[in-house]
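Colleague: Since the structure of chain A is already known, use the hints to place chain B on it.
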Amino acid sequence: MKPITTYFDSDGRFESLGERLGETDRSALALAAISAVIAFLVISPMFWLLWRASTVDPARAYGLIVSSQTATITLNSVLLMLAVTLFSILLGVPLAVLTTRTDLPYPRFWTVVAALPLVIPSYIGAIAFVSMFGSGGQIDSLFGMTIPRVDGLRGATFIITLYTYPYVFLTTRAALLSMDSSLVDAARTLNAGRLDAFRRVTLPQIRPGIAAGALLAGLYAISDFGTPAFMGAGVFTSTIYWEFSGFAVEYAALLALQLIAIVAVVLVIEAGIGSDEDASGATGAGGAIRLGAWKWPAMGFVSLIGIVTLVVPVAIFTNWLVRSVGDPIPALEFQAEFAANSVYLALLAALVACAFALPVAYYSGRSNSLVARVLERATYVGFAVPGVVIGLALVFLGTRTLPSFYRQGVWLLVFAYVVRFLPQAVGTVRSSVLQVDTATLEAARTLNAGPLETFRRVTLPLILPGVIAGGILVFLTTMKELPMTLMLQPIGMDTLVIVIWGAQNALAYRYAAVPALLLVLISGLTMVVLLRQEGYGVG
Amino acid sequence: MADQASDAMVDRRRFLGYTGATLFGTAALAGCTDDENGDGEGADGGNGDGAAGALAEAEPLGEPVDSTAVSWDDLGDLEGELTIYSGRTPDQIDAAFEALEDEYEGFTVSRNYADNDVQVNQLIEEGEATPADLFYSQDPGALNALEGEGLLQELPGDLVDAVPESYRHPDGVWTGVTGRTRSIQFNTERWEGDAEDFPTDIMEYATDERFQGVIATRPNSGTFRGFIQAMVELEGEEETREWVRAMVEEQDVQLFEGGSDQAEAVNRGGDDDPIVALGNSYYAARILNEDPDAPIDLAFTENDAGCLFSVAGVGVLNDLEDPELVAEFVRHLLAAEGQEFMMEANGEYPVVEGVDYVGELPDLEEINPPEFDLSDFDMDLQEAQNLLDEEGMTV
Numbered sequence: 120m121k122p123i124t125t126y127f128d129s130d131g132r133f134e135s136l137g138e139r140l141g142e143t144d145r146s147a148l149a150l151a152a153i154s155a156v157i158a159f160l161v162i163s164p165m166f167w168l169l170w171r172a173s174t175v176d177p178a179r180a181y182g183l184i185v186s187s188q189t190a191t192i193t194l195n196s197v198l199l200m201l202a203v204t205l206f207s208i209l210l211g212v213p214l215a216v217l218t219t220r221t222d223l224p225y226p227r228f229w230t231v232v233a234a235l236p237l238v239i240p241s242y243i244g245a246i247a248f249v250s251m252f253g254s255g256g257q258i259d260s261l262f263g264m265t266i267p268r269v270d271g272l273r274g275a276t277f278i279i280t281l282y283t284y285p286y287v288f289l290t291t292r293a294a295l296l297s298m299d300s301s302l303v304d305a306a307r308t309l310n311a312g313r314l315d316a317f318r319r320v321t322l323p324q325i326r327p328g329i330a331a332g333a334l335l336a337g338l339y340a341i342s343d344f345g346t347p348a349f350m351g352a353g354v355f356t357s358t359i360y361w362e363f364s365g366f367a368v369e370y371a372a373l374l375a376l377q378l379i380a381i382v383a384v385v386l387v388i389e390a391g392i393g394s395d396e397d398a399s400g401a402t403g404a405g406g407a408i409r410l411g412a413w414k415w416p417a418m419g420f421v422s423l424i425g426i427v428t429l430v431v432p433v434a435i436f437t438n439w440l441v442r443s444v445g446d447p448i449p450a451l452e453f454q455a456e457f458a459a460n461s462v463y464l465a466l467l468a469a470l471v472a473c474a475f476a477l478p479v480a481y482y483s484g485r486s487n488s489l490v491a492r493v494l495e496r497a498t499y500v501g502f503a504v505p506g507v508v509i510g511l512a513l514v515f516l517g518t519r520t521l522p523s524f525y526r527q528g529v530w531l532l533v534f535a536y537v538v539r540f541l542p543q544a545v546g547t548v549r550s551s552v553l554q555v556d557t558a559t560l561e562a563a564r565t566l567n568a569g570p571l572e573t574f575r576r577v578t579l580p581l582i583l584p585g586v587i588a589g590g591i592l593v594f595l596t597t598m599k600e601l602p603m604t605l606m607l608q609p610i611g612m613d614t615l616v617i618v619i620w621g622a623q624n625a626l627a628y629r630y631a632a633v634p635a636l637l638l639v640l641i642s643g644l645t646m647v648v649l650l651r652q653e654g655y656g657v658g
Numbered sequence: 361m362a363d364q365a366s367d368a369m370v371d372r373r374r375f376l377g378y379t380g381a382t383l384f385g386t387a388a389l390a391g392c393t394d395d396e397n398g399d400g401e402g403a404d405g406g407n408g409d410g411a412a413g414a415l416a417e418a419e420p421l422g423e424p425v426d427s428t429a430v431s432w433d434d435l436g437d438l439e440g441e442l443t444i445y446s447g448r449t450p451d452q453i454d455a456a457f458e459a460l461e462d463e464y465e466g467f468t469v470s471r472n473y474a475d476n477d478v479q480v481n482q483l484i485e486e487g488e489a490t491p492a493d494l495f496y497s498q499d500p501g502a503l504n505a506l507e508g509e510g511l512l513q514e515l516p517g518d519l520v521d522a523v524p525e526s527y528r529h530p531d532g533v534w535t536g537v538t539g540r541t542r543s544i545q546f547n548t549e550r551w552e553g554d555a556e557d558f559p560t561d562i563m564e565y566a567t568d569e570r571f572q573g574v575i576a577t578r579p580n581s582g583t584f585r586g587f588i589q590a591m592v593e594l595e596g597e598e599e600t601r602e603w604v605r606a607m608v609e610e611q612d613v614q615l616f617e618g619g620s621d622q623a624e625a626v627n628r629g630g631d632d633d634p635i636v637a638l639g640n641s642y643y644a645a646r647i648l649n650e651d652p653d654a655p656i657d658l659a660f661t662e663n664d665a666g667c668l669f670s671v672a673g674v675g676v677l678n679d680l681e682d683p684e685l686v687a688e689f690v691r692h693l694l695a696a697e698g699q700e701f702m703m704e705a706n707g708e709y710p711v712v713e714g715v716d717y718v719g720e721l722p723d724l725e726e727i728n729p730p731e732f733d734l735s736d737f738d739m740d741l742q743e744a745q746n747l748l749d750e751e752g753m754t755v
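These protein sequence lines map, in sequence, to chains A and B. So the number in our numbering is just where the residue sits in the first sequence, counting from 1, plus 119. So the number in our numbering is just where the residue sits in the second sequence, counting from 1, plus 360.
Next comes chain A alone, as it looks inside the complex (with noise of 0.2 Å):
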């Protein structure tokens, strides 16, 4: 709420407005310009996509661009997008309104269950899924029941939607914490229906931050490689990976641009639902929605939910423990360190990629300009792309830049996750700015603080929360992380994951237990301080 106030501040009001704008425009100016240098760092690696691509014969390359298979790979690619994100919304929306506009019981517990699963990489709930549903599956061998395999492009968007959809849940639940409620309950005492008011008040309030999550889980599940390939959907990544296998880089890096192009048009769209709207406003508890009967139901909504995503793969990672009983090997024996590493690499991209968001953030959410949109748009490039892409480019610019340096120390790999991961942060970030009240700055302006200050004394406080957040949500990402950090990590560097690629692919899954505990566990305690952040910028 602004303070009435600063409508009636007189005292030589014109003449600090016009000092104001000088200032504003300067500090705007300086906004711009390092907003446009990180838009730029983050989006140089798809110059190497261009110039390799541009190496294609114009030929094979218009024949691949209008081929049936590209066809048929755009339009799954499209679908699995849209069924993702169509499902992480049915899922997310209500998940977030029940744990907080609820008097659903233990509200706490079940928020970490709601939000938990995006820690589990899609890849590993693939394998867990597969392994346990299924005709001959672990299930049906216990139980002599069998649940129906799931497969293709169906089963990709069921895994990639179970493991991407809390990023939906996130910011939603973000927004409902920060929207003014006072405006449902007069909406009640005008005699609309729940629904009614729901759909007329709650929604258009919170549909930034449902836009915001939805935009995340659809990128994530266009640039997801892991589980489509292992489904047998065919799909860009499955597709890109398939001619990098055949050491056609150059068609894989025109397939690539194929996939930003529709990348771009998608983040055009996002730009229009998700359009600014000043989220800032007074939070009230306002009246939480009775559930009475159905209070149980709700429950079981959200346990199975939690048993499906988080249960069944715990449980068969804790079976890989105690299961099998091959020859030792040396080479996948778990060591402290690979937890170490997995967490000291997370927490090095987490910092780079708060301390890039926060000038993006910040310019975009203050300011209505089309450059603004358009850099704060290309940072979320990088997150469509598939890390192998990724790292292949910053392989070839990173050998080229820094030879003397390249894969020694961890910069170009953190770089990598930055590149990846940015937008997660920005996209938190940028809502909490949002949130900001303008008042509370031209308060702090009246009072002749200047723009550094302001934003260092009121604004960083204000949105930290929000920077918190976006730290976490790279953090998390990074933990699980697999193409780039076995490409780019300092050689013998071995995190987490690493090791469960390595006891996969030699089917010694009692390796991969432990780690892959770990990793959920690790993950599973950073989201839980993730949610103590509530109320704030979490989307």
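Derived from the structure by calculation, the hints contain no laboratory data. This structure is a prediction, so every number in the text was calculated from the model and none was measured. Ideal Cβ placement from N, Cα and C applies to all residues, glycine included. Keep in mind that the hints are not guaranteed to be accurate.
Covered stretches of chain A, going by a simulated chain B footprint (3 or more residues, C-beta under 8 Å) [what the hints assert, rightly or not]:
| no. | segment |
| --- | --- |
| 1 | 149 to 155 |
| 2 | 342 to 354 |
| 3 | 357 to 366 |
| 4 | 515 to 528 |
| 5 | 619 to 627 |
Modeller: Showing chain B alone in chain A's frame:
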């Protein structure tokens, strides 16, 4: 754990001894080198084209390796650090690296593991700036791809001569270290009959109605494309296209993205899972290693692409700090103990005469793989892949 493994290795080594050439070894290798397409030129002449890298001149520090396998004790000491990019997985070769590090104080191997294809692409993008000294690959196709980019250098003459010509590049720019055959994996509980009841001709797998809807393969691997190339050479392109087309359209082949996933599916044996799969034999061996009662077994075709013998091998990158060390390291891989480590860890076949194959699989003599010169055999991967793309066998 590490100690246990190396103890087992030592026992195995003692047990095997270095018994010299066996009948099987010489027979199989003689068959393979007696290759009608062999163009004769190449390594033996060692006709250095002037651009020979420093490596080719790296004299043995101890004994040179030869085709009857020398012991590590006869070779020179290893000292220093090597950086190896490996497309093979840690379980397959790490034991050998570790044994060498144990044997030589002051010798370390910096290992970088990743998927075989990723490593090749990475090495190509890195170019001369690569930190790698050596690339240890799953298959000749990957090594040929690097050779095509001019990234590999010639190996020393004694190394090249130690390995039969069919298992290495003719100019000695890469050499096979161990070999394996393609095989038919099957689920013993769901397959009616035994290993004898499988056709011994790979072409029949596309027409035999028993395989309809229950056969699988994994088309996106280097060895699969090698298999397709071999089929083109042996049966002709039209027949190969027809085979691929029939597998897709008539047999409704299930396609897997990974060799492990495929073997797991055969082993799982659910209604929707394949009963029979075309793939490398070691996946089944690994499952049996984890669970000796697993219902998975192997059958082999005879003298055709279905039992193609292929190698995993090493190529050395251009820019080296210590060519002597690299050369001596490769000598260690080709010496008796190096070969035995691979047999032990992967159930693979040795490529050096004088090392007996000891393991669960039938001898190569029984399988009778086609006599192919892997080096002369030009694995044009793009061509094989185009064929698969055109006939719709893609994942």
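Colleague: Work down the list of hints and note, for each, if the structure agrees.
Modeller: Structure-based check of all given hints:
1. 149 to 155: Our answer is that it is violated, as 0 residues pass the Cβ test (under 8 Å) against chain B, missing three.
2. 342 to 354: holds (count 4)
3. 357 to 366: Our answer is that it holds, as 8 residues pass the Cβ test (under 8 Å) against chain B, meeting three.
4. 515 to 528: holds (count 6)
5. 619 to 627: Coverage by chain B holds here, the residue count being 6 at a Cβ distance below 8 Å.
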